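We have chain W already, so just place chain E on it with the hints.
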Amino acid sequence: MNEVTLFPEQASVFAQEVDQLFWFFTVVCGLAGTLTALVVFVFSIVYRRGARRYAHSGHHSTLLEIGWTLPVAVVVMALFVWGAKIFINLYNPPESATEVYITGKQWMWKIQHPNGKREINELHVPVNTDVTLNLTSEDVIHSFFVPAFRTKRDAVPGRYSRMWFNATKTGSFHIFCAEYCGTDHSRMIGTVFVMPEQEYQEWLRSGAQELLSMADKGAMVYARYACGSCHEAEERGPSLESIYGQQRELAGGNTVLVDESYLRESILRPNAKVTEGYAPIMPTFKGQIDEQSLNELIAYIKSLSSVPAERASMGGN
Amino acid sequence: MSSDGTLNYLNVTHGLKSWLLTLDHKRIGILYLIGVSMFFAVGGLFALLLRVELLTPEPWFIESDTYNKFFTLHGVVMTFFFLIPSIPAIFGNFLVPIMIGAKDMAFPKLNLFSWYVYMVGGFLGVGAIALGGVDTGWTFYTPYSSGYASSQVILAASAAFVAGFSSILTGLNFIVTIHKMRAPGMTWFRMPLFVWGHYATALIMILGTPVIAVTLLLLMLERGLGIGIFDPKLGGDPILFQHLFWFYSHPAVYIMLLPGMGVISEIISCFSRKPIFGYNFIAFSSLAIAILGFLVWGHHMFTSGQSVYTGVVFSLLTMAVAVPSAIKVFNWTATMFKGSVSFSAPMLYALGFIALFLVGGLTGVFLATLGLDIHVHDTYFVVAHFHFVMVGATVSAYLGALHFWWPKMTGRMYPQTPARVSALLTLFGFVLAFLPQFVLGYLGMPRRYHTYPDEFQLLHVFSTAGASVLGVGFLIPAIYLVWSLFFGKLAPANPWFAKGLEWDIQSPPTTFNFEETPIVKEEPYAYDGPLPDNSEEVLKAGENYGV
Numbered sequence: 001m002n003e004v005t006l007f008p009e010q011a012s013v014f015a016q017e018v019d020q021l022f023w024f025f026t027v028v029c030g031l032a033g034t035l036t037a038l039v040v041f042v043f044s045i046v047y048r049r050g051a052r053r054y055a056h057s058g059h060h061s062t063l064l065e066i067g068w069t070l071p072v073a074v075v076v077m078a079l080f081v082w083g084a085k086i087f088i089n090l091y092n093p094p095e096s097a098t099e100v101y102i103t104g105k106q107w108m109w110k111i112q113h114p115n116g117k118r119e120i121n122e123l124h125v126p127v128n129t130d131v132t133l134n135l136t137s138e139d140v141i142h143s144f145f146v147p148a149f150r151t152k153r154d155a156v157p158g159r160y161s162r163m164w165f166n167a168t169k170t171g172s173f174h175i176f177c178a179e180y181c182g183t184d185h186s187r188m189i190g191t192v193f194v195m196p197e198q199e200y201q202e203w204l205r206s207g208a209q210e211l212l213s214m215a216d217k218g219a220m221v222y223a224r225y226a227c228g229s230c231h232e233a234e235e236r237g238p239s240l241e242s243i244y245g246q247q248r249e250l251a252g253g254n255t256v257l258v259d260e261s262y263l264r265e266s267i268l269r270p271n272a273k274v275t276e277g278y279a280p281i282m283p284t285f286k287g288q289i290d291e292q293s294l295n296e297l298i299a300y301i302k303s304l305s306s307v308p309a310e311r312a313s314m315g316g317n
Numbered sequence: 001m002s003s004d005g006t007l008n009y010l011n012v013t014h015g016l017k018s019w020l021l022t023l024d025h026k027r028i029g030i031l032y033l034i035g036v037s038m039f040f041a042v043g044g045l046f047a048l049l050l051r052v053e054l055l056t057p058e059p060w061f062i063e064s065d066t067y068n069k070f071f072t073l074h075g076v077v078m079t080f081f082f083l084i085p086s087i088p089a090i091f092g093n094f095l096v097p098i099m100i101g102a103k104d105m106a107f108p109k110l111n112l113f114s115w116y117v118y119m120v121g122g123f124l125g126v127g128a129i130a131l132g133g134v135d136t137g138w139t140f141y142t143p144y145s146s147g148y149a150s151s152q153v154i155l156a157a158s159a160a161f162v163a164g165f166s167s168i169l170t171g172l173n174f175i176v177t178i179h180k181m182r183a184p185g186m187t188w189f190r191m192p193l194f195v196w197g198h199y200a201t202a203l204i205m206i207l208g209t210p211v212i213a214v215t216l217l218l219l220m221l222e223r224g225l226g227i228g229i230f231d232p233k234l235g236g237d238p239i240l241f242q243h244l245f246w247f248y249s250h251p252a253v254y255i256m257l258l259p260g261m262g263v264i265s266e267i268i269s270c271f272s273r274k275p276i277f278g279y280n281f282i283a284f285s286s287l288a289i290a291i292l293g294f295l296v297w298g299h300h301m302f303t304s305g306q307s308v309y310t311g312v313v314f315s316l317l318t319m320a321v322a323v324p325s326a327i328k329v330f331n332w333t334a335t336m337f338k339g340s341v342s343f344s345a346p347m348l349y350a351l352g353f354i355a356l357f358l359v360g361g362l363t364g365v366f367l368a369t370l371g372l373d374i375h376v377h378d379t380y381f382v383v384a385h386f387h388f389v390m391v392g393a394t395v396s397a398y399l400g401a402l403h404f405w406w407p408k409m410t411g412r413m414y415p416q417t418p419a420r421v422s423a424l425l426t427l428f429g430f431v432l433a434f435l436p437q438f439v440l441g442y443l444g445m446p447r448r449y450h451t452y453p454d455e456f457q458l459l460h461v462f463s464t465a466g467a468s469v470l471g472v473g474f475l476i477p478a479i480y481l482v483w484s485l486f487f488g489k490l491a492p493a494n495p496w497f498a499k500g501l502e503w504d505i506q507s508p509p510t511t512f513n514f515e516e517t518p519i520v521k522e523e524p525y526a527y528d529g530p531l532p533d534n535s536e537e538v539l540k541a542g543e544n545y546g547v
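Just so you know, the sequences run in chain order W and E. Under the numbering used here, the first residue of the first sequence carries the number 1, and numbering increases by one thereafter. Under the numbering used here, the first residue of the second sequence carries the number 1, and numbering increases by one thereafter.
One chain only, chain W, in its complex shape (with noise of 0.2 Å):
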């Protein structure tokens, strides 16, 4: 038999956080039961059949109603307020997060950092840092699960989601696959090797002058599938400058933030939502260009403008 844990190690600021709600719902839900179903059980004994007679009490009191519907209602809204806190930081990554873009594939995590290092099924990152996660999946849905970190989310084809963590221990932490997959779900794991910022950066650095950064290579299938053809050059697409992050004015009167699912969108079906002043004229790429080739154009685009800073910090310095 191995070596036996009953709490799982505490390696984040969320895991922190999310320790502190659970042991206070221990408390709080085991006070509850344990005293509800000691009352069950005194009541048992001194009431049971043959023990002395009681006087025939009544069956209905709203009064006694009100009194215990009250208190759950009062507490669980406010356990409720406590854990929606957590949750809105939980999946709102903070703006200067370093990025890092993972996919979900069976039965493998493909993660790839913006300055153009790839690996699989490890993730490094360092110490004390806010790190942001970009996930998709190029199959079937996957979830991203760090229970060391306390968060997970779901890598879902099709689309983009956002995790985010700030790692307080160095060390190594598993990665699951935590939404079902097929054959080897249970194989879909990895590690997290969370490291001191300088180690970290010749990790990066390690190999890099073979390597080109996300963005870079972004830059090469902008140029393969000729965008600028388009986008440039005759004007029939809006430019690409500095759009990201920016909020668009679109043909019927809505806007949309551009964002990475925005501009997976309008990659994979460009009329989907078409910025206004422009024909809904643009070909769908859609089975034409891999989830990598995606995840680097929609980087490139990102690189076109100011408002992503973390991307320069990121590679090298």
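Worth flagging that the hints you see were computed from the coordinates, not collected in a lab. Remember, it's a predicted structure, so these values are computed and weren't measured experimentally. Misleading hints may appear alongside valid ones.
[As the list claims (entries may be wrong)] Which residues of chain W face chain E? A partial, calculated answer using Cβ under 10 Å: (1) Gly30; (2) Val40; (3) Ala97; (4) Arg153; (5) Tyr160.
[Said to hold, decoys possible] No more than 20 Å apart at the CA atoms, straight line, and that leaves these computed lysine to aspartate or glutamate pairs for EDC-like: (6) W:Lys286 x E:Asp237; (7) W:Lys273 x E:Glu537; (8) W:Lys105 x E:Asp237; (9) W:Lys105 x W:Asp130.
[Said to hold, decoys possible] Derived CB-CB ranges, DEER-like: (10) W:Val81 x E:Phe189: 32 to 40 Å; (11) W:Ser239 x E:Leu287: 55 to 63 Å; (12) E:Ser307 x W:Val81: 15 to 23 Å; (13) E:Ala130 x W:Pro238: 55 to 63 Å; (14) E:Leu539 x W:Ala78: 51 to 59 Å.
The beta-carbon is built from N, C-alpha and C at its ideal position, and this holds for glycine as well.
Just chain E now, kept in the frame of chain W:
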């Protein structure tokens, strides 16, 4: 199963045909009992195989594909062919008409038809197993199920699709029966809470089940004909499937639970010798749960990519379910206050229900809480939670109902001692099997994992040990209940000295239940204090049946 010579619904006609063409709601209930027990055995067997395989971190007697098929079959069979039909189709069918003073259900032929539909669904499910099995999980998530799984997805989905119609027809029958066939004097607020529970359940059945039918149909269309609905490669949206699936499947949880809660109200009141406390609150909390049940499906999707604010709204609504659930538990507890509590087997199951439902319900509040759910979502924490509710609570209620109404249904008494022992054994086995899974889940052990890191092994071994005890706890009743059919003492009309129309008629009842339509003048649960200690009748019951 002969009785003392008087005519009853069991011996009035003989032969297989008289059963297969019966329109008697009680015989149809028995047909369901046979079907449901069969599927329970199949689902249980798969559960045990899974637990044995999980004794070691690496595979030891089955491959991953086989493991994935086993957990899918366990889930599909237990959900669609055991839990959903169990209490309503067996006990609801048998008891709802009697409890409201009716001769039968409103639509007896539809009732029989629903059993055939259920069996056809069941055999499609068994066919899916025989032809190689299915490996999508009972949730059939797309695009895995529609485009990637290479197993009998269409057959398994059509099994659930067909079984759904049985559920719709049963629900329809309950609603019409309860509205139109109550005996004179049987006002809405004189109905037993068992009937209220079934009324709320029937609402979910007819409003929710069509949605899963459509969803499964769309899934089959996408898989069979390549029509893009859910698979992004075909222009579909995989999250749409989850919305549609859980729009039914979360309310379905309350199809599984509400009838059980009705059972518990009957048993607690009877064995406390007191009217149920807070009748109105329990009745309305059933309706509240049924309605809220339709507004909380998104809590299955907090990590799936639905928007953060959608998640917040679903979390809030889910929290609200805690309120009617707590109301029920508190009222059952208050019913025991100053009562005269005795511990026949049905009562032990009912007390077990309360204990396990407390754990299952409270951990549900953990899961409804966004910040906690993200970590434990799709882990063993969830597995433990829903087994506490679905197996711990619902199966306890199911077995409680079986032990409570067995004398009425079969005309035979079962021996009390083994029944009490097995009630305690299932409680112990259950807790041992599933308590460690909460710890595993918080540690991060994902569900549906065939292999796992070494450090999780000890907890898995405990869980498997508990599952084995639980298996024995389920086997013992099967033995003595079958034994009682042949050798059990003849049951009197009212072995538990219970209140309710079903106890006023003979055991087993005649085909049309009542000689003449009863006129109800009494409030429900008109228990008037402890049983007299020196009454000859009571002493005899204690001696004969262990009451």
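| Structure-inconsistent hints, enumerated in ascending order | 3, 7 and 9
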